[in-house]
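Dock chains B and C against the given chain A, drawing on the hints supplied.
Spelled out, the chains give:
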Amino acid sequence: MSEPLLKVEGLKQYFRINSHFTVKAVDGVNFTINPGETYGLVGESGSGKSTIGRSVIRLYEPTKGKITFDGRDISGKMNRETEKHLRTGMQMIFQDPMACLNPRKKVSDIIAQGLDIHHICATQKERNDRISEILEQVGLAPEHASRYPHQFSGGQRQRVGIARALIMRPRLIIADECISALDVSIQAQVVNLMKDIQQKTGCAYLFIAHDLSMVKYISDRIGVLHLGHLVETGTKDEIFTNPIHPYTKSLLSAIPHPNPEVEKSRKAMSYDYRAFGVDYNKGTEHLVNGTHFVLATDSEYTDWTKNT
Amino acid sequence: MTDMQNNAYISFLPGDFELKGAENTKLDMNFASQRFWKEAAMRFRKNKGAVFSLITILLVILLAIFGPMISPYTYQQQNIKQTNWAPRVQGLENLGIFDGSESLKTSTGTKLKNAYVVDKETGAKNDTYYWFGSDALGRDIWTRTWTGTRVSLYIAVVAVLIDMLIGMSYGLISGYFGGRVDSVLQRFAEIINSIPTLVIVTLLMLIMKPGLMTITIALMLTGWIGMSRIARAQMLKLKEQEFVLASHTLGATNFRVIFSEILPNIIGQLITNTMFSIPNAIFTEAFLSFVGLGIPEPMCSLGSLISYAFKSFTTHPFQIVPPVIVLALLMLCFNMLADGLRDALDPKMKEM
Amino acid sequence: MQKDNLILSIRNLDISFQTNAGAVHAIRGVDLDLHRGETVAIVGESGSGKSVSMKAVMGILDKNSVVNHGEILFTYQENGISKTVDILKMDRKTIRHTINGRHIAMVFQDPMTSLDPTMSVGKQIIEGMMLHEHIGRREALERAVSLLDMVGIPEPEKRIKNYPHQLSGGMRQRVVIAIALACDPDVLICDEPTTALDVTIQAKILELIKKIQADMGISVIYITHDLGVVAKVADYVNVMYAGNIVEKGMIDEIFYDPRHPYTWGLLSAMPDLDTNDERLYAIPGSPPNLMHERPGDAFAPRNIYALNIDDRLMPPMFRVTDTHYAATWLLHENAPKVEMPPELKERILRMKKEAER
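Chains as they are written, first to last, in this note's numbering: chain A, 1 to 308; chain B, 1 to 352; chain C, 1 to 357.
Chain A with its partners taken away, still in its complex shape:
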């Protein structure tokens, strides 16, 4: 079994608002990502999924826990070499196509920003060649390179964001809700593009989203996040055929199916965290089968698996 590309152990990310109040955005999360696979992180607003993405790429400094990327520890203070390794090997695609590109820069400069920062290309020609190559890969015309972001639609801008990440030939791309702000038909385009890229380059994805059907389509393994805790993890088949945690079940049942006959009579299952009396801090990881884990106390676990 080869070394995992990314290993997150016991990650905690707290934000201190003032002397009385600390927001515990991420409260003890463990997961791994293997090279070339897609890990889907699902959760609703306030679950901490975006925070995990940003902590992993070190936009924040983790409060506690260990993050290992490609064999190197990136959670503490990094020396220059580790930092460079991180900044070239791991990239991020953002959510808002309107805000993720600098409105005053040309598309070619935006895409080549990583190359310029790390002085990767020796000549101007080499730089331009790489930009053209990437533009073609993401399905944009070479004329687009000299234009400005506001001249493009949301989907096209998102492609520029992908090109910016891709040109660094990263091993891991964190996609932070990168399709949520797009139209449905454009979402499909972008997701297809991401899958193509993965096939060609063998990069891994940490796909952060709230849309379970899209997550199921693109991911190999999935983690369900609620209030800063990973309540259930496993391969997509394991989770979708046999969800154990009541939050996972409520999430699944809340997705509307585009099937009118069924959908009209269906009622979504609800899950009220407080009413349920579940305390995530008390739970431990229970193995269901294979790689399927659930966060629960022993009594809860027996309760929930009674019927399976």
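Since the hints were derived computationally from the structure, they do not count as laboratory data.
No experiment lies behind these values; they were computed from the predicted model shown.
C-beta atoms are modelled at their ideal positions from N, C-alpha and C, and glycine is treated no differently.
Don't take each hint at face value.
To be verified - Quick look at which bits of chain C chain A covers, simulated, 3 or more residues with Cβ under 8 Å:
id: 1; stretch: 95 to 102
id: 2; stretch: 129 to 143
id: 3; stretch: 260 to 268
id: 4; stretch: 279 to 293
id: 5; stretch: 350 to 357
The following block gives chains B and C in isolation, referenced to the frame of chain A:
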């Protein structure tokens, strides 16, 4: 279009109902064509006040450069025999205005006096012309006005430019790093801000000799704070934007992020604020000169001219008019220009 | 759907916007009907014009809009008599006094910005009530409490005094719905009301709207881009693209027998939980630039089933059934027989089988 099938109206061509084929849908060629600066320029042109102001300012600058050159006098040349002479312009004097005569109100009634007349009987005038008249020391007001404008503009522009550089950097750094750095820098700025300009200038006068440099430094020391506040506010707004985060994830240094990524987005605001600061600087300098803390004689600025002419305001009012009009025009036009710029670079459209 | 049940009728609506860069032809001839007690969905992506057409109904179009032609006929009861007005011919003030809030109410997308942050929730609910129905404050507050209860907010007497920032997103949207229902309107227009909410909250809000509709007999217009939401709530569906309605029909017809290539694209682009395809079918290209009007079908550049005539002439509405119409030349008798993509066909078969269970 909700007509039902009305095939009778529509004529079909052969080949109409053949599939076009899917190759035409491959590459995404869509994009809009307008650009930020073009649209901004259009908006600016539509604003008549701003365009007029721009033209007026350019005219004033031209006159400030060429005005003294086309005049036969220098700004410090005195002619004791030709003091307080009214304006006389060639050509216009034939129309009855600017012919060198002024009406003086004395205790015995209004007297019409023309200093240019050499022969009382014939009314023949000598060969001298003072386009704006001469002052109490016999100096040409036209030359002095435009030389004064030069000085005022110079002081204002230099002071504001340096303000922009200092204030902008200060505000950007303070806003970017936040936390303790921000607190310290802001407290320092507040302390400096609370000292009145007049006090600073007076203190400077004690240390340095009155002159061009001193006034410029005085303006610099107090004007940068407004600029820094604007820069800091803009920085705080943009700091958390996703394109800035993207730069971080790509490994950009702080310097690069501040000056290469964020600064181009706020340059519009900074330019507008600079434009607003210029009339402030001009007026502050004029005020200081007026109260005698400004540049020394025989050098002149608009303020010192007004101050000097104020003494003969009741007897020879024509002396104060030119510098006052120029000062008023400059201030009004710079303000309108800045207004127009701000509307043209309207944040609603393209900035974050 | 009898004709006398028709309460809102939009005919041949055509709207443009004047911008710095030119005229944007946003709505290009829209026909839409709403019957009493019905739920009509308008589906489309950005630039389709779905929100603009409903803004025209509410009389809240932007100042730079120009209505080129069309009429919006609204029928309502006033003092027992049935009145029909053309909303496009009324001035803003009259619309605000007689129609908005009272007969047609609107729920917007973002509950954060639809509520006034400086007024308590109760005050915002009774504002409209006291204005339109001229009732006293105490009575209005009682009604407000019962409204909050109806929209499912626990402890409504306490919540009346809360400010918007003290409520969660889902609760805020419930308050917005309560405000919309305060004056007992005939029509409720919901403009993507659940897009900004989590999916679990969305499910609850949708169920709430259905319940209210059943209880109060309101007609609802739903604007959305999410076909799953449409499947849950709608009776009748209009699919919009580039300012036109390209397909309309009863919900079963649209989902199980779609005829327009754009509808095929929309249905295929959503992965459902049973999708096992390697690739999602995606409509190529991007949404059209409404400033550059091209002759013929606006969808043609992205349509892999486009015909040559699509570059010349815009397709009229072709009849599939009495309730199902699609604007595509593929339905013309001379057109080649084109079937929907096989993946979509399979999916529909699967869905039908699931429905039978």
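Here is how each hint holds up against the structure:
no.	hint	verdict
1	95 to 102	violated (count 0)
2	129 to 143	violated (count 0)
3	260 to 268	holds (count 4)
4	279 to 293	holds (count 8)
5	350 to 357	holds (count 4)
Consistency note: the structure conflicts with the earlier hints numbered 1, 2.
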